[in-house]
Structure formats: structure tokens, C-alpha cells
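K.L.:
Place chain B on chain A using the hints.
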Amino acid sequence: MFYRESGDFSTTYAEDNQTFPIKFDRYRYYAVLAVAFLVIPFIINDYWANAVFVPFLIYAIAAIGLNILTGYCGQVSLGTGGFMAVGAYAVYKLMTAFPEVSMLVHVPLAGLITAGVVTLFGLPSLRIKGFYLAVATLAAQFFLVWLFNKVPWFYNYSASGQISAPERDVIGIIITGPNTEAWAKYMICLIFVTLAALIARNLTRGSVGRKWMAIRDMDIAAEIIGVNPMMAKLTAFAVSGFFIGIAGALFFSVYLGAAEVGESFGIDKSFLVLFMVIIGGLGSIFGSFAGAAFMVLLPVFLKNVFVGLLGWPTDLAAHLQFIVSGGLIIVFLILEPHGLAQLWRLAKEKLRLWPFPH
Amino acid sequence: MNALTGGNYTTADGRKIGNTMMEMKNITLRFGGVVAIKDISFDINEGEIRAIIGPNGAGKSSMLNVISGFYNPQEGEVWFHGKKRPPMRPYQVARQGIARTFQNIALFEGMSVLDNVMTGRLTHMKAGMLSQMIWKGKAEAEETANREIVEKIIDFLEIQAIRKTPVGRLPYGLKKRVELARALAAEPKLLLLDEPMAGMNVEEKEDMSRFILSMNDEFGTTIALIEHDMGVVMDLSDRVVVMDYGKKIGDGTPDDVRNNQEVIDAYLGVAHD
Numbered sequence: 001m002f003y004r005e006s007g008d009f010s011t012t013y014a015e016d017n018q019t020f021p022i023k024f025d026r027y028r029y030y031a032v033l034a035v036a037f038l039v040i041p042f043i044i045n046d047y048w049a050n051a052v053f054v055p056f057l058i059y060a061i062a063a064i065g066l067n068i069l070t071g072y073c074g075q076v077s078l079g080t081g082g083f084m085a086v087g088a089y090a091v092y093k094l095m096t097a098f099p100e101v102s103m104l105v106h107v108p109l110a111g112l113i114t115a116g117v118v119t120l121f122g123l124p125s126l127r128i129k130g131f132y133l134a135v136a137t138l139a140a141q142f143f144l145v146w147l148f149n150k151v152p153w154f155y156n157y158s159a160s161g162q163i164s165a166p167e168r169d170v171i172g173i174i175i176t177g178p179n180t181e182a183w184a185k186y187m188i189c190l191i192f193v194t195l196a197a198l199i200a201r202n203l204t205r206g207s208v209g210r211k212w213m214a215i216r217d218m219d220i221a222a223e224i225i226g227v228n229p230m231m232a233k234l235t236a237f238a239v240s241g242f243f244i245g246i247a248g249a250l251f252f253s254v255y256l257g258a259a260e261v262g263e264s265f266g267i268d269k270s271f272l273v274l275f276m277v278i279i280g281g282l283g284s285i286f287g288s289f290a291g292a293a294f295m296v297l298l299p300v301f302l303k304n305v306f307v308g309l310l311g312w313p314t315d316l317a318a319h320l321q322f323i324v325s326g327g328l329i330i331v332f333l334i335l336e337p338h339g340l341a342q343l344w345r346l347a348k349e350k351l352r353l354w355p356f357p358h
Numbered sequence: 001m002n003a004l005t006g007g008n009y010t011t012a013d014g015r016k017i018g019n020t021m022m023e024m025k026n027i028t029l030r031f032g033g034v035v036a037i038k039d040i041s042f043d044i045n046e047g048e049i050r051a052i053i054g055p056n057g058a059g060k061s062s063m064l065n066v067i068s069g070f071y072n073p074q075e076g077e078v079w080f081h082g083k084k085r086p087p088m089r090p091y092q093v094a095r096q097g098i099a100r101t102f103q104n105i106a107l108f109e110g111m112s113v114l115d116n117v118m119t120g121r122l123t124h125m126k127a128g129m130l131s132q133m134i135w136k137g138k139a140e141a142e143e144t145a146n147r148e149i150v151e152k153i154i155d156f157l158e159i160q161a162i163r164k165t166p167v168g169r170l171p172y173g174l175k176k177r178v179e180l181a182r183a184l185a186a187e188p189k190l191l192l193l194d195e196p197m198a199g200m201n202v203e204e205k206e207d208m209s210r211f212i213l214s215m216n217d218e219f220g221t222t223i224a225l226i227e228h229d230m231g232v233v234m235d236l237s238d239r240v241v242v243m244d245y246g247k248k249i250g251d252g253t254p255d256d257v258r259n260n261q262e263v264i265d266a267y268l269g270v271a272h273d
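Listed in order, the protein sequences are those of chains A and B.
Reminder that position 176 of the first sequence reads as 176 in the UniProt record's numbering, one-by-one numbering, no gaps.
Reminder that position 236 of the second sequence reads as 236 in the UniProt record's numbering, one-by-one numbering, no gaps.
Only chain A is shown next, with the shape it has when bound in the complex (with noise of 0.2 Å):
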């Protein structure tokens, strides 16, 4: 009833080629921001923000990285815990080599580094696919984890073998470091995410995300239409690893502060940010906000509801989230394997209909 289309209509072909072409998805994404960007930072504390905001944002920013080589390129890949650990220490050793330098700046040239590491990791795509390419990109876990934690250069020959993140603020504001305020810690995460976002829709429905799809969907006829395969698949593990990179330099400087790369960038992360992008929806850049939305609430749900409601011990709600965790994964790629953004077209298709049913 509340959400029609009728009465309105595209005359031209770049409003038909918009972003929501319907003026109701328009405006429900436009109070959306509004909602992010002026009510949610003057409420937040650091509770939301640590356990639920930032980890989201920085997440979404991943998993729509990973959602670009998998979802559209259709290049699987296990080594995004190895890539975010790569942009994490790429920010460590900018911000520390050059403290006056802006993290406005750092971030996204740790995310242009990383995207030059991984695009170095996907050359075994032009010759390897599938399950062939995964396990490929599987060893590039293992070795960058094993490079961080064996060259001290990388860790600036700390005794723990940790990085911690210094003190640095944008414009006055601390954005890193033990001091950071919960609402600059979001903000900048949430500016970070809005132009990741933009830039993905942007380069996901132009030609560029044409000729991704394209290989993802038969690589013969992309090449018999004049796409170079090879420019292709390294350009999507580009912009990929770039994502990636500003995650995991935003994971490691505004998030977690101090990271040992085994624990912090394991295979259990490209795991996490790999289901993500698949209950989410592959090929979708809401799917990659819905898939990071579901894996990082699910837990913090089911904590709240197994100790805060129940009652029960934290060690058994702690397994309990696991198994729970675990079976709603399997349950969801058995009933919606197209993810949460496909029930979100439905019930959007549904919706176009109600109350009538025809």
C-alpha cells in the first residue's frame, strides 16, 4: 500500500539508471543516513559502539571487498583474514614512520598497498579456478600471517611482537588510541563505510562491474565480447583488496588498538567475512551490510538473551552461541542460498502488491 511505484516514472536514462530508481527507496536511504549520521552519534556509548557499530561498519566495509571478487567477479577467495591483516599492518607502520601525516590519508594508502598485495595473489586466477583458486588464496592466509609474525620489521621489533595503535586525531578529534570517544571512533568508520559503499554501487553498475559479472558468469563469452580476462580478474582483486585494506588498517587502529596478527587476522576471519558475503548475498552491496549486520549481532543477541535472560553460565552460552550460531548458517544456505538480499527483494516484490494479492 505504502510502497508503490505508479506515477513514477524515468524520462531519462540516467534516472533510470539510478541507484533507487523508486522515490520511496530513495527517500527510506536518505533517512537512513540521516539517522547515521545525526541521531546515532550523540546517543552512542561504548558499549554499542564496541560491540555492535563499529565492528558492523568495519565489517560491512570487508565483506562488500569480498562481496566484489566473490559476489561479482566470482573469484572465491579464503585470504581476506590475511589481507586485513596486511592493510592493518600497512597502517601501523605508516602511522608510526610518519606521525604527522593525517589517518585521513594513512587509511586509504594502506588500503591502495594492500590492494597492490592482493592483486600480486590473485595472478594464480588466471590460470587456476573454483575450489583450485580457494585453496590458492588459502596459502596467501597462511603466508602473510606467517610473514607478520616472523619479520620483526613489521611489528617495529616489539618485544610482545604486538602492534598497538598510537594516539592520532582528525581536526582535534582522537581517533585512535586508548582515549578515542565512542561517536569518533563510529563516525569515522561510518564515513569510511558511506564512501566505500558509493564507490562499489558506482563501479558495480558501470561497465567495469559489467565485465566482472560477465566473467563471473561465463568467462568464454565475456572473452568473445572483447573483455581481457586477465585485466578483469586483477582489477576486481584490486578494488577488492583496497576494501579489504581500509578494514583491516580501521579494524586494527580504531577497533581493536593493539593486534597480534594469529588471533586478530586468523583463518577463522576470512571464514567469518566469507559467510558474510554469503548469507548476505553474493553479488548484492545491501547483502554485504545485511551479512555483516546478521554475523556480528547474532552473537551479541544470543549472549544477551543465554546470560542477561536466561541466566545460564557464560562458558555454556559461549558453546551454545556456537552451535546456534553454526545451525543458523547451515539452516539459511539450505533455505535462501541467494541470502538475506534476495528475501529482501521478495518481501520488496511483495510489498509492491499488498494488500492485493494481484
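Possibly wrong hints are sitting among the right ones.
In silico DSS-like links for lysine-lysine, alpha-carbon gap of 30 Å or less [to be verified]:
no.	chain 1	residue 1	chain 2	residue 2
1	A	Lys348	B	Lys175
2	B	Lys175	A	Lys129
3	B	Lys164	A	Lys350
4	B	Lys16	B	Lys83
5	B	Lys205	B	Lys189
6	A	Lys350	B	Lys175
7	B	Lys205	B	Lys175
8	A	Lys23	B	Lys138
9	A	Lys23	B	Lys164
10	B	Lys136	A	Lys348
11	B	Lys16	B	Lys84
12	B	Lys205	B	Lys247
13	B	Lys152	A	Lys23
14	B	Lys16	B	Lys189
15	A	Lys129	B	Lys126
16	B	Lys136	A	Lys23
These are calculated hints, taken from the structure and not from any lab test.
P.N.:
Using the frame of chain A, we list chain B on its own:
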């Protein structure tokens, strides 16, 4: 008019046939010990509809694959627009202005019809990565300009109604049409059609024939096609190459070919005594 040496004549229905566009010289293609194509030469003139026919396994599709760059022949030369073509990857061939469709439909199932046809414009879209990230400005203008061309082709092939439908949901006949639209969107100089009418009913075949003729007529597209329906081939094409077991056994106008004893033998079999 000499059908075999080709070039520069006017057909009975008044279409102008230009110079030789593509020339295959003594092509031999082997897969290990199997000889798929054996010393075949033929040419394609500008503006003509050229058919390649032959029994199953004759090497017709291999021939198209040689033209579109999937296979590089062991022997022989491919000349395009008067220049010898070095060994190329398929995407380089596409950028020279050669488009094709496949025997088994090769569409991008996860994308909408519109996006599929838009992929046909990829060789014409030049906006760089950075301007696409920003979108407003160059990238958007390019997208709109190409969309206009694509919409014309969508109109031409009468698939307006299914523009935004995901290709995976379409029936076979429409998929074939979308694939043709994608190939046509590239505005190719030479269009290769691999069995465009396979598996179609009479009406769909009529539609497809109409599209092929008006493509050739309106856009001046040169067309090389493989087809098993002899009625269609004889009606549509200006000249026909006949292959059998990797060898060329006939070449000429449909009438020449129809009366060629070797061709009749290949199709109907020959008595061994």
C-alpha cells in the same frame, strides 16, 4: 558477377556487395592427431551473408572458432581488411569488430537482459576506473550514450518488454534473441552466427530470418552463419561454403551448391559397390 572470386557486385535483390573483408588462406587446424580443418580457403565479402554448412562434425564450428580467435590454426593465414592477422586472443578479435553468438547460448545468466545487451557495448566504453568511481560526469554520460544505442537494438529485436528480466528466467527462443542483441550491440563489422535457428519452431525461425536479413540490410552488417536448416540457408545466404570431414567440398551461390554432386553425396550418402 563471379561468385567464387567475389567482391563488388550487386545482388538480385539490389544489395551492394563490397570488397573482400575477410580471407581465410589454407587454414589447417589439428587437435593432436585429429585434423579438424584441412587446408580450407574461402573469403567473406563486405555486406554479404555467407553460410557455412556441412554434416555434423564437418568442422564448421571450429572454423568459426578460428575466425573469432579461440583456436589458432597450425597452418594458414587469416586476412582481415587486407591485413594479415597475427595470432590473437578472442577479446582482441572482438575489439577489431567481430562479434559472434554461440551454438549453445552463452548469456550471462545472473544479469538482466538490459545488462547483457549492455555488455555488448563494452568494447566501446572507455571511461576509466576513477571516473566510474565518481560516476557523475564522464562515466554517467558514457553510460547514457551507450544505453541509447542499446535501446535502439532492443527495439529492433522487439525485446522491450523483457528488458529488466533476469536472463535465467527467459525461454529458449528469447534467449537466442537476447544473445543476438548482445552481439549486435557491439556494432560489429562481421557477425558470426553459430546455428542461430537451432531448436526453434517455424515462427521463431521466421522471426530470426527476418532479423538477420534486416540487420544485413539496415546496418550493413556482414554475416557469416552456420545453419542446418537448408531452406533457411538457401533463402538467406549470398554464398555458401560446404564442408565435410574438415575439407571444403563446395563453394558458391546457393544454386551452385545445390547442384554440386560432391555436396549431394556428402548429404545423401553415396552408394559403395
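K.L.:
Would you mind marking each hint as holding or not holding in the structure?
P.N.:
Hints and how they fare:
no., hint, in the structure
1, A:Lys348 <-> B:Lys175, "27 Å, holds"
2, B:Lys175 <-> A:Lys129, "27 Å, holds"
3, B:Lys164 <-> A:Lys350, "18 Å, holds"
4, B:Lys16 <-> B:Lys83, "23 Å, holds"
5, B:Lys205 <-> B:Lys189, "24 Å, holds"
6, A:Lys350 <-> B:Lys175, "27 Å, holds"
7, B:Lys205 <-> B:Lys175, "14 Å, holds"
8, A:Lys23 <-> B:Lys138, "25 Å, holds"
9, A:Lys23 <-> B:Lys164, "18 Å, holds"
10, B:Lys136 <-> A:Lys348, "28 Å, holds"
11, B:Lys16 <-> B:Lys84, "25 Å, holds"
12, B:Lys205 <-> B:Lys247, "29 Å, holds"
13, B:Lys152 <-> A:Lys23, "27 Å, holds"
14, B:Lys16 <-> B:Lys189, "15 Å, holds"
15, A:Lys129 <-> B:Lys126, "28 Å, holds"
16, B:Lys136 <-> A:Lys23, "20 Å, holds"
Hint violations for this structure: none, all hints satisfied.
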